[in-house]
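S.K.: Sequence:
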Amino acid sequence: MLKISRQTLKSHWPVRQKQSHKGTYGHLLLIAGNAQYGGAGILAASAAVYAGGGLVTLATAKNNFTAVRATLAEIMLIDFTDFDQLSQSLANATGVVIGPGLGTDSTSLAVLNFTLAHIAEGVPLIIDGSAIDLVAQHDLQVSHHPTIYTPHQMEWQRLSGIKIADQSVGRNQAVVDQLNATVVLKHYHTEIYAPAAPVAQIMAGNPGMATGGSGDSLTGILLALIAQANSVNEGVRLGTFLHSYTADLIYEHEAVVLPHRLIRRLPAVLKQLTQP
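As numbered in full-length UniProt numbering, the sequence shown has no gaps in its residue numbers, which increase by one up to the final residue, 276.
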């Protein structure tokens, strides 16, 4: 198993180029936050912005608009049930997230199916949270490539059929190969699986991260880092490590790592990590 640490990633961090613009760092679309779980969309989109995403659009339930605008002025907003707008945003996106706080009702399923049908080939797709449950519940066949799933252990049980107690590296890898997708399996020392690649383990993280919204912030970070990295695999490793490493810095002084505080630390931590 490949151990991922600050040292192993030292030469891989993306550096902002002098001759660049917002388009250089991705046109990122997050489909997240139903009427009940709007905070998930806010956290994921905020993380994408603070982790360096160039142009970020949040597709969310319309009743979340006021809260989003009061919290995050840097992004664009669309109603995720407006399929004309969603289609246009999918056509322009260089990276897509679907699932944080999306819910599992018929509207959410329709949004997921529309996204799977209209995302451009080759655009990285991160399936998180509610969207993982929808894929599992409805046995959806996700053929899009590249796809990244970000389950915690119970979500992985539902998606893979492997009970938590039986989630060994070998069993997990076998299902990952069948899915033909990357899987970020979230737990202490998170593991990253991908077809025909060594399993990577993140040598960072702490119990202060065990709080609502932590996974939403990781999802946004992953989207932004994939957009800036040399490959999807590299971006996933960078983003997952950045999330846990930033949390460790906070945990040195605070017992609980609140996701919104972690997100606001990201620009400073990225600056530190990219120093020669």
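Check each hint, because a few of them may be wrong.
[Unchecked claim] In silico DSS-like cross-links for lysine-lysine, where the CA-CA straight-line distance does not exceed 27 angstroms:
1. Lys-3 - Lys-22
2. Lys-62 - Lys-22
3. Lys-163 - Lys-271
4. Lys-271 - Lys-10
5. Lys-62 - Lys-271
In short, the hints are calculated from the structure, not lab data.
Only a predicted model underlies this, so the values are computations on that prediction, with no experimental measurement involved.
S.K.: None of the hints should be skipped; say for each whether it holds.
M.R.: The hints, checked one at a time:
Between Lys-3 and Lys-22 the alpha-carbon distance is near 33 angstroms, which puts this suggested pair outside the 27 angstroms criterion. Between Lys-62 and Lys-22 the alpha-carbon distance is near 26 angstroms, which keeps this suggested pair within the 27 angstroms criterion. As the CA atoms of Lys-163 and Lys-271 are separated by approximately 40 angstroms, the hinted pair breaks the 27 angstroms bound. For a cut-off of 27 angstroms, the pair hint linking Lys-271 to Lys-10 stands: about 13 angstroms separates their Cα positions.
The hinted pair formed by Lys-62 and Lys-271 fails the criterion: a straight-line CA distance of about 35 angstroms is larger than 27 angstroms.
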